[in-house]
Amino acid sequence: MYSIANSTNRKKITLTIFLILSFVIPSVILIIAYAMNKIWLGSDKTVLISDLRSLNFPLSASLRHVLSGDASIFYQTYSLLGSGNISTYMSSYSGLFSWFMGMFPYKMLPDVLYVIEVVETGLCGLTCFLYFRFGHIRPLFLNDNYELRANDRFLKILPDIFALVFSTLYATCSYNMVYFVNMPWMNITISLPIVLLGIDKIIESRFKKDTRGVKEFLFADIKIDLILILSFAYSLYSCYYITFATGIFGLIYFALRMVDVFKKEDFFKKLFGSVYECGVSVILGTGLVMPLLLPTLLSLNKSEVYLAGNASLNNGLILRNPLKLFSMLIPGADAVISDGNGLPFIYCGVITLILFLVFLFLPRVRVSQKIATVMVFAFFIMSLSLFPLYEMWHGGRVPNWHPGRFTYTFAMFLVMVAFRTGCLICEGFVKTQNGKSSRKDGLGRILISVMALYALAETTINASNVFMRLNINYGYEWKNIYESIVEDIGPISDYVIENDPYSRMVNTHTYTQNDPAIFGYNGFEYFNSTFNQYGAGAFYKLGTKTHYNFALDYGFTPALMKLMGYKYIVYNKDNEELIESAYNVESVFDHNGLGLGKLNDALPLGFVVSENCLDSDGKMESNEIDNQNLILSDLCGTGIQAFKEINTTMTENTSDDSEESDGVYFTNLDFVTESENGIWFFMEDYELDSIPEEDKKEVRIFVENTGEELVFEAGVSQYAVFLGKFDPKENVKVEISGYYPLGKMHIYEFDSNELNKAMNILGEDTLNVEYYKKGTLKGDIDVKKDGLLFFSIPYENGYKLYIDGEKSDITLYRGVFLCTNITKGYHSIELAFCVPGFFPGVFMCTITICIITFLTVVRLQNKLMKNKTIGAF
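With my numbering applied, the sequence shown closes on residue 873, and no number is skipped along the way.
Quick caveat, the hints were computed from the structure, so don't treat them as lab data.
One should not assume that every hint holds.
Derived DSSO-like pairs (lysine-lysine); straight-line CA-CA distance at most 27 Å [as the list claims (entries may be wrong)]: (1) K757 x K785; (2) K269 x K370; (3) K45 x K107; (4) K784 x K824; (5) K733 x K697.
Sequences and hints are given; from them, build the entire structure.
Structure follows, in structure tokens:
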């Protein structure tokens, strides 16, 4: 009796050790790989790169302000409003660990991210080990008495050693190492093994019991599996978009399991029961996240405001040469995630690939299992080669960045088959012993130990190599850069929040890349709330230039800023004279080389405009300056034109690649001013054929008359650049140089008197905003005559407008901006936003919880009654 108890305790201790190791080893590998690239806690470098830098980190940090009340649910200039906020959360930075971002000081956040990535990698190894240890593979290929027949301790734990090695290889596969920049994607790889384990448990329970009739089954035998429900719900919550691939792989995995149990008695009845229980569990798991998932889906299906994505066949067909796939199965593959090279990141160890091939030749494996394995492998290859299949894995939305987002399932499939081979090797060792040890067995053990150590060393080197290549291609942030953002922008944001919390701000001193989001200020630009990269099409065409994951503030003119309520502008003090001349701002705050200018006559979020503006056909041109003239004229109801294009003589000198010219393109502009008003240079949209080289991104605009040189970056679509103010009839010469061809260029003269006329007209009846957060805007307005109240807020489903407490109809200017008819007199205004789909989602979630609770209680009661019956006998 003591021996049995002692053996049981020893097994528990051994299992606990392996569980700890399955978490610790992948974490340590990641720490070492980071350290090999000079990244560690408190180091000069941070892990901030790509989406971590400009998306996951700042948006996670900004969540604290929305929840604490320091920021508004509006929280954006145009598209991140209400449902957009939820869809952004669900697609970009959801997951349990994102909430930790709100618990630490700003300067600690890079180190917090470091810890999160290490922990998530460890959890990925842990969940994969749990699947290997308690899923179907081990008992399927190892006899029940394997441990009894194994005559020494090494052989007893050999299956766990294999499970540990392959769970580590899965956790540190190239997919995870390359895409660590997408925190929610790591949560998907963490949850996938548990989803598979849940499917296993359902199949195991169904094929171990007698099958009842269909009618009795449907009404009396409704079963659910909490493992599958909760893991699938967490996967959806973490990243619903990538979870689509988990669902497809779940179907493939279910089919593979049916091959394993095909010869069981009453197969088709038990198959029906397994499908039924898996389906119900997945539906219930989906129901748990409906309060977030339903608003997200509704947000993504809007069509009035957002531009369509530009998915194409070329973007989708990522694996043009299938033979190149094998180069991504070995360590050291190049980690380029955006240049369309068509190579997915599926490395998960050379030993994995070897044992995968060995599995196909082992005599103990049934032919049906080998055929099924080959078919699944071929399906993955076809999915990476054929556009319709590739599109299917991505839910019909072809990714235009990070190719092959579903290939974490491919890595899981490879390590799963390799672990099967490992189990057969374990069984083979026991069979060849016959109670005796041999030199052959000793060599085999040494070989297995060496292979395991090699696999861990190989994945460490590969992870380090991936980080190195990512650094070469994209560049990690230096900690002093991040800290300077915290130190520079923070006090400026605090100043505006304290003095004028309901205005908007534009940042011209750098790419904002969502930095100000972490400070909870409403007015900074954020990124588009859907996968359609340029957000609200009309707003984009006015010059805001907000892209998917960063805001580019070139393009803001005085007309746009005043019209859309941008009262503040951040700029480098070195450019103070140029900024003040361009925008006529008053300097109100300085800090660490940055200045804050104020436009005192910028309009508030709401003001009365001409009713005739609703007669417009709703279309805008591609030229943002012309569109600014257009909207000024519409809203004022007059022919006001703030910008007038000047005839320009343009000469181009497309040089060769000789040493003298260095391949630079030169464009010379020559024009004569008409007055002393400011001159603006505008360049229309253009696209580069390739990503600019790091040392050739600069576009230089040199104004000969003033000696000023402005430097911008190639490949950022549009520019609206202030060149300066000149004497009337002055001949101005401008030279533009760069390494890439530029778009169509225009020269405009800005008439400040015309803009002042427009501001006088539109500024007569304005909304006094008193409250602007938590999804609600409140204020009052004194209207001098009947008209149309215009809000510089784009429309989304879910807005409700109340005037003096009564609901008012919302109309749209050019299909985008909110408007409503208003009568003469004093009125209170309330603009409330209710997230579309949120309350129906809450209702569906509540029903789901009730169903899960009821079925769980019934199962526990049945189990308790069954135990009592057995005890009575």
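Verification of the hints:
Proposed proximity of K757 and K785 is supported: the alpha carbons are some 19 Å apart, at most 27 Å. Among the hinted pairs, K269 with K370 is consistent with the structure: their alpha-carbon atoms are about 25 Å apart, no more than 27 Å. For the hint pairing K45 with K107, the CA-to-CA distance comes to about 13 Å; that is within 27 Å, so the pair holds. Restraint check for K784 and K824: the C-alpha separation of about 5 Å stays at or below 27 Å, so the hint holds.
Under the criterion of a C-alpha separation no larger than 27 Å, the hint pairing K733 with K697 is consistent with the structure, at around 23 Å.
The structure fails none of the hints (numbered hints given earlier).
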